[in-house]
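Which chain is which? The protein sequence lines are A and B, in order.
Quick note on my numbering: the first sequence kicks off at 1 and runs consecutively.
Quick note on my numbering: the second sequence kicks off at 1001 and runs consecutively.
None of these hints come from the bench; they were simulated from the model.
Every clue listed holds true.
With a straight-line cut-off of 20 angstroms between C-alpha atoms, the simulated PhoX-like cross-links for lysine-lysine are:
| hint | chain 1 | residue 1 | chain 2 | residue 2 |
| --- | --- | --- | --- | --- |
| 1 | B | 1121 | A | 195 |
| 2 | A | 198 | B | 1263 |
| 3 | B | 1267 | A | 198 |
| 4 | A | 267 | B | 1195 |
| 5 | B | 1198 | A | 267 |
| 6 | A | 239 | A | 195 |
| 7 | A | 195 | B | 1263 |
| 8 | A | 263 | A | 121 |
Between beta-carbon pairs, the in silico distance windows are:
| hint | chain 1 | residue 1 | chain 2 | residue 2 | range |
| --- | --- | --- | --- | --- | --- |
| 9 | B | 1210 | A | 263 | 25 to 35 angstroms |
| 10 | B | 1193 | A | 17 | 36 to 46 angstroms |
| 11 | A | 188 | B | 1183 | 50 to 60 angstroms |
| 12 | A | 17 | B | 1265 | 44 to 54 angstroms |
| 13 | A | 192 | B | 1062 | 17 to 27 angstroms |
| 14 | B | 1193 | A | 34 | 34 to 44 angstroms |
All of these numbers come straight from a predicted model, not from anything done at the bench.
Built from N, CA and C at the ideal position, the CB exists for glycine as well.
Number of protein chains: 2
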Amino acid sequence: MTFEWKTIDSALRVEPGKPSKLSKRDTACDNLFADKREGEALAKANAKAIDRLQDALWAEGSRALLVVLQGIDTSGKDGTVRGVFNECGPLGVNVTAFGTPNEQELAHDYLWRVHKAVPRKGLIGIFNRSHYEDVLVVKVRGLVPADVIEQRYAQINAFERHLSENGTTILKFMLHISKDEQRKRLQARLEEPDKHWKFNPGDLEDRKLWTQFANAYETMLDRCSTEHAPWHVIPSDRKWQRNAAISSIVRGALETMMPLYPKARWKPGEFIIE
Amino acid sequence: MTFEWKTIDSALRVEPGKPSKLSKRDTACDNLFADKREGEALAKANAKAIDRLQDALWAEGSRALLVVLQGIDTSGKDGTVRGVFNECGPLGVNVTAFGTPNEQELAHDYLWRVHKAVPRKGLIGIFNRSHYEDVLVVKVRGLVPADVIEQRYAQINAFERHLSENGTTILKFMLHISKDEQRKRLQARLEEPDKHWKFNPGDLEDRKLWTQFANAYETMLDRCSTEHAPWHVIPSDRKWQRNAAISSIVRGALETMMPLYPKARWKPGEFIIE
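With the hints as constraints, model all of the structure from the sequences given.
Quick look at the structure:
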């Protein structure tokens, strides 16, 4: 098993400036990994590597990594955090879940609460949903006028460019599942009592707007995949494929950042510990 | 292997109102666990149980757990987070490290930044250092007058009582290591290049004040171990003992809280997912 993250990265990346062709992208993908066993082993090895790299990122103390997770209900955002980042743990990873904005947040522009939550230097920050909701659910539900939405793509690109130029590497993942897979997952929440709390009857309303959401996602991918903050569309019908793919891309990005342990400004020999 | 957390809890707890007798407490402790293998297995099982319990705590959504970690340099605060809480992961655990207060923090009372950082309902919050620094390093270094320090013990108890009465269970752990063990750990930081960044020559200044710090810790334990927020003194010379002990006490506390998955206000049969 070799670590060929570049193959995985380019297969799933949305090339900046090119149409994302979302409807033609796989929700399950059998040509990237030999089989489930290999995929799981790869994800595990990647998780350990991410942990080591984050330790160096912290020691270095000058840059951060921001991972944006977007996807419809049941697409596996929480599962991705567990599968890819638990090895790293709460010490190195900071998760922010963005829900319906509260009164104070609505009293500011939509990027205000997002900027507050970006990871500090040395950390991996994860956005579970993000500012992209402001061009997804907000657009589909018509919560703001169309011309306001239209401005947002460029505003978001400018914001992300700013973060990137100031030391934050950005990776964005759309967890892509089929309509049939969502049905199975919602059904499972109905059938398992310990998962009842995860089922929100309102989710079925969003499901009725499947096509509208798919269109909004496609426009988002077309307009906001940039060199400094690329989108990847992750086949997520199978959890092991999702974890193997995302962990590979994250690990590859961290290896490219190449965080270095700082050199001491003292000589080990100069200290005697009494 | 049975899970006898109550034995471990009472052996290490500082009984409210009784002298902590810190100098007589073990930094290594061979009577709590049969051997290293058993201790590690116990810690692993506990970590999995803590993860399951936190999931229910989140689903329930009405209470939180706050874990305070205090200890001198190299006592293993970061290692505890990894060893006990990585199974739970960044989704369920929020770590706040308290360093030297910044200008804005110093412009407020010393509990201001602490209150801002308490865990939201459903989460486990970990304080890596805490408001107790304000009766430890601040006292030893004489940064505020003695009568101001003297007031703080009761202020802290009142603050913690407030949190406890409002749904936050509090556990406080002092990671107790011997002076000789600290020497070995500081020495290791000097010898391993990838650990050089962790070595701060200033730590040696604190080491020279070993007795003063021990006295300040003892007073803190005597005055601030309460029924609603008890201190435990954890033998921490051996990492596996530390992890086995802390994970047992945390698991026991969560089992006592007994978080419950909420019952759905709908009947599974009433939904058809198209």
